[in-house]
Amino acid sequence: MRVLTGFVQLFALVVSAQPALANEQPLRQFQGYTMGQEYEINWRDNGLEQQQLKQLKQSIKGTFNGIDGTMSTWRQQSELSRFNQLEHVNQVSISDHTATVIERALELGQLTSGALDITVAPLMKLWGFGANNSTQAPTRQQQLQVLEYTGLDKIELDHNQLKKRDKRVQLDLSSIAKGYGVDMVGKVLERYGINHYMIEVGGEIRTKGQPIPGQDWQVSISQPAIFSDESALTLNLSGHSIATSGDYRQFFSDANGQRYSHIIDPVSGSAKVRDVASATVIADDCTSADGLATALMVMGIDKALAFAEQQQLPVLLIAAKEGQFTLHRSSHLNQFIHR
0 MRVLTGFVQL
10 FALVVSAQPA
20 LANEQPLRQF
30 QGYTMGQEYE
40 INWRDNGLEQ
50 QQLKQLKQSI
60 KGTFNGIDGT
70 MSTWRQQSEL
80 SRFNQLEHVN
90 QVSISDHTAT
100 VIERALELGQ
110 LTSGALDITV
120 APLMKLWGFG
130 ANNSTQAPTR
140 QQQLQVLEYT
150 GLDKIELDHN
160 QLKKRDKRVQ
170 LDLSSIAKGY
180 GVDMVGKVLE
190 RYGINHYMIE
200 VGGEIRTKGQ
210 PIPGQDWQVS
220 ISQPAIFSDE
230 SALTLNLSGH
240 SIATSGDYRQ
250 FFSDANGQRY
260 SHIIDPVSGS
270 AKVRDVASAT
280 VIADDCTSAD
290 GLATALMVMG
300 IDKALAFAEQ
310 QQLPVLLIAA
320 KEGQFTLHRS
330 SHLNQFIHR
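Quick note: the sequence shown uses numbering that gives the first Met the number 0, first residue 0, plus one each step.
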C-alpha cells in the first residue's frame, strides 16, 4: 500500500513534547527513511545505556533494510525482483520473511475474496503505475490478456518453497510489506524490554503501552485532500495497529477526464477511481491492517462496510464527491474514538 507521510497525523508527537511525570523516563524518538517513506519511532524505556541505544538503532535500521532488500520491486537484486524475473515454473527457495508475508497475503486474499491480490504486479505495470509511468489507459482487451496470468491460484507456497503456475506471474508485496516491517521493528523494541512505543512508517502504525501513564497513544486521520491537514477523526490506540490506504494522490486522468487510481481491482483489472477516497483499518498487527486497508479500497463503500461488520473490524471509510467528504464508520470503531 502507498500512503504519503502526513495522511495520518501522529498526535503522539504532541504528547512527546510534554514533560515526563516524576520517576518516569521521557519519550525517546528515532527517525529515518525506509521503503520510500520516512519513519518515526517514539518510545519510553527504563533507562537504556548509550551503547544499548546505539545497538537498538542499528537493529531498527537493519530490520527495515533487510525487509526492503528482500521485498522491494524497485531493487533489481531483491529476492522478490529475482523471483519476478524467473521465466520458469520451477519451485524456488525464499527467505523466512518473504514466506511469512506471502502466506499472510494469501490468507487475507482468501478472506477478502480476492480484493487483496499480490499477483497484481502485471496489472500495475499495464496501467503505468511503478517505474514506467503512463497517462494512457490500457484497452479492455489488454486488461483481459493480463488477467489470464494473475490471481491467487497462480502461485503455490509450501513453507519456504514458492513456485509460479505461469511463468508470466509477478508479485507486488507493497500492500502488506510495510506493515510487516513495522511489526518486526516492534519485536526488536520488545527484545530490548521496551513495552511503550509507537512506530510509524508512511501511515502504517503499531502501538503498545502508553506514552504517559494513564494516557493512550492518539492518532488523527486527516481528510484525503491534497495538502490537507484538516482532521477528520482522532482515535485512541494502545496495543493496536492502524493502516490507511488512499487513492487521492497517486492517479492520472485521461483525455476525457476519467481518473485512474494506483489501487487496481485485481478481479476486474480496472483502475477507475471508486467511491472510497481512503480506508483506515485497526487490527492487532500492522501486517493485517495494511493489507485489509488496500482490500477495502477495492471493495467500495457498501461492500467494505458489510465486510467490516461481518469480520468485526474497526474501520473508517471516507467517501469523496465533488470536493465533499463523508465519513462511514463500522460499529466496532466507536470504542477507539477520542472524545
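Careful: at least some of the hints might be erroneous.
[Unchecked claim] Computed cross-link-like contacts, DSBU-like style, restricted to lysine-lysine with a CA-CA straight-line distance of at most 30 angstroms:
1) 124 to 302
2) 56 to 207
3) 53 to 207
4) 186 to 60
5) 186 to 166
6) 124 to 320
7) 320 to 271
8) 166 to 53
9) 271 to 302
10) 271 to 153
11) 124 to 166
12) 166 to 271
13) 166 to 207
14) 56 to 166
15) 186 to 53
16) 124 to 162
17) 153 to 166
18) 320 to 153
It is worth saying that the hints were derived from the structure and are not from the lab. Keep in mind the model is a prediction, meaning the values are calculated, not measured.
Verification of the hints:
1. 124 to 302: With Cα atoms ~27 angstroms apart, residue 124 and residue 302 stay inside 30 angstroms; holds.
2. 56 to 207: 18 angstroms, holds
3. 53 to 207: Since the Cα atoms of residue 53 and residue 207 sit roughly 22 angstroms apart, the hinted pair holds (cutoff 30 angstroms).
4. 186 to 60: OK: residue 186 and residue 60 at ~13 angstroms, within 30 angstroms.
5. 186 to 166: The hint is violated at about 36 angstroms.
6. 124 to 320: 28 angstroms, holds
7. 320 to 271: This hinted pair holds, its Cα atoms lying about 15 angstroms apart.
8. 166 to 53: 45 angstroms, violated
9. 271 to 302: Since the Cα atoms of residue 271 and residue 302 sit roughly 17 angstroms apart, the hinted pair holds (cutoff 30 angstroms).
10. 271 to 153: Measuring from Cα to Cα gives roughly 24 angstroms; hence the hint holds.
11. 124 to 166: 16 angstroms, holds
12. 166 to 271: Distance of about 28 angstroms is within 30 angstroms: holds.
13. 166 to 207: 42 angstroms, violated
14. 56 to 166: 40 angstroms, violated
15. 186 to 53: 17 angstroms, holds
16. 124 to 162: 21 angstroms, holds
17. 153 to 166: 9 angstroms, holds
18. 320 to 153: 37 angstroms, violated
Checked against the numbered hints listed earlier, the structure breaks hints 5, 8, 13, 14 and 18; every other hint is satisfied.
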